[in-house]
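Participant: Below are the chains, spelled out letter by letter.
Protein chains: 2
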Amino acid sequence: MKAYHSDSSKVLMISTSKIHGSDYMEYLLDEVEGFLGEAKELLFIPYARPGGISFDEYTKYPTKALAAKGIEVKGIHEFADPKEAIAKAQAIFVGGGNTFLLTKTLYELELIEALRAAVVKGIPYMGSSAGSNLTGLSIGTTNDMPIVYPPSFEALALVPFNINPHYLDPDPNSKHQGETRATRINEFHFQNSQAVIGLREGSWLRLEKGKLELKGPHSAVLFEAQKEMREIPQGDVSFLLG
Amino acid sequence: MKAYHSDSSKVLMISTSKIHGSDYMEYLLDEVEGFLGEAKELLFIPYARPGGISFDEYTKYPTKALAAKGIEVKGIHEFADPKEAIAKAQAIFVGGGNTFLLTKTLYELELIEALRAAVVKGIPYMGSSAGSNLTGLSIGTTNDMPIVYPPSFEALALVPFNINPHYLDPDPNSKHQGETRATRINEFHFQNSQAVIGLREGSWLRLEKGKLELKGPHSAVLFEAQKEMREIPQGDVSFLLG
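Protein chains in written order, with the UniProt record's numbering: chain A, 1 to 242; chain B, 1 to 242.
Just chain A, same shape as in the assembly (with noise of 0.2 Å):
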């Protein structure tokens, strides 16, 4: 399936923003410090509003988490025009929340076509879990709650799979009947046909030069429609560009 990058194209996949016993981005502090590079200025977008707050409160996160690295953080929200501030970003940064929420709000606004061409332009892209399932051909493998209703499912389609982050293992002590997540995604293998990476908390993905590589301390889970899930070590994982 077609997917919306170029040589160019730099995306960092992450599960979360927030590992246990850690700051907001301090376990990612060096990895993002080396993925902006030459970018000293990033625009984040905070549609996803975890836990309902505002635009302003959740732009603080990154803005203090990055300060230690020399890197400014402006909200979107803070633009008259939006699109506008896009295409002109030096670097873009899609936070965790509601993944619902997300896209709706940037199909509202018009700004997925906009998503798209700055990646495939080369502005770099980083995008926490809702804003890394953006990242996949379609949020059908979000883990939210769909609060709201978007005007599509279809999503950035920066790489030719979907993505779920906070991937969980199976706990065999459960005595909860609730689907596991690897029968979600197995359902989800009967009415779709890309592949899925269950990212674990502390992985990322990194899309650069055109090659994608698993980051962080675990290997990822990758199910296939009609194979059984297996677990992919971390390194080059360019194969799922197809």
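Simulated from the structure, these hints should not be mistaken for lab results. Remember, predicted model here, so these are calculated numbers, not experimental data.
Chain A regions said to be covered by chain B (calculated; three or more residues, Cβ under 8 Å): (1) 41-54; (2) 133-147.
Calculated Cβ distances over 12 Å to all of chain A for the following chain B residues: (3) K10; (4) A80; (5) E84; (6) I112; (7) R116; (8) V120; (9) K211; (10) S219.
Listed next, the in silico SDA-like pairs over lysine to any residue satisfying Cα-Cα at most 20 Å (straight line): (11) A/K227 / B/G52; (12) A/K175 / B/D169; (13) B/K104 / A/S193; (14) A/K227 / B/P50; (15) A/K175 / B/D171; (16) A/K104 / B/F190; (17) A/K175 / B/P50; (18) B/K40 / B/G70; (19) B/K104 / A/Y149; (20) B/K215 / A/H176; (21) B/K18 / A/N173; (22) B/K18 / A/Q177; (23) B/K104 / A/S152; (24) B/K211 / B/V237; (25) B/K104 / A/F190; (26) B/K227 / A/S54; (27) A/K18 / B/S174; (28) B/K175 / A/P217; (29) B/K175 / A/G202; (30) A/K175 / B/P170; (31) B/K215 / A/Q177.
From the three backbone atoms N, C-alpha and C, an ideal C-beta is built for every residue, glycine too.
Given the structure of chain A, go ahead and fit chain B onto it with the hints provided.
Facilitator: Leaving out everything else, chain B in the frame of chain A:
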């Protein structure tokens, strides 16, 4: 908000079809027998397809479980005209699985109005998990993955609130950074105004003669917009009907 029930409506909203260590519907058989009363034929709606199983396979579960009570089960897919099957049913059971798939299928087959009309007329409706979500105002508080895109998140609205089945209390020892159920429902309330009932596994709601009752071994959790969440004990909860 308007809900599609009358004084003759009978609705059983079940959190889960199966509790740990017991067979499909086993823990519920006496309640179901009493609820169905004279009705000895049950129309089963298997569209939610848990784990992607076929309609035939899925229909075997309630068929087997309810045979013990002399109740005959037929899958709606066995009828040439599903609308007519609903209108003529003695009782209806909408099984669990994926809420998005269930909702999409019902819209595509134009069965939403037929189900509302059946309930208003007094045909007993039982729903488990996804089938229970469907009785609320919207499917916006489902736990399921959005594996398909339904034409709307509006549900049957048999009751003037939303249901969160398989409600799970936060695990104080969890190191996982994904949102708790309560956090997700609070996010829902930044965007929606209706009350949400968190139904723990083993619990169910029963609407009959204009009275709503919470049954089973657990209290439930009531989430209202701009209020603190609170426990509601078993027994008469007709105040939820507004």
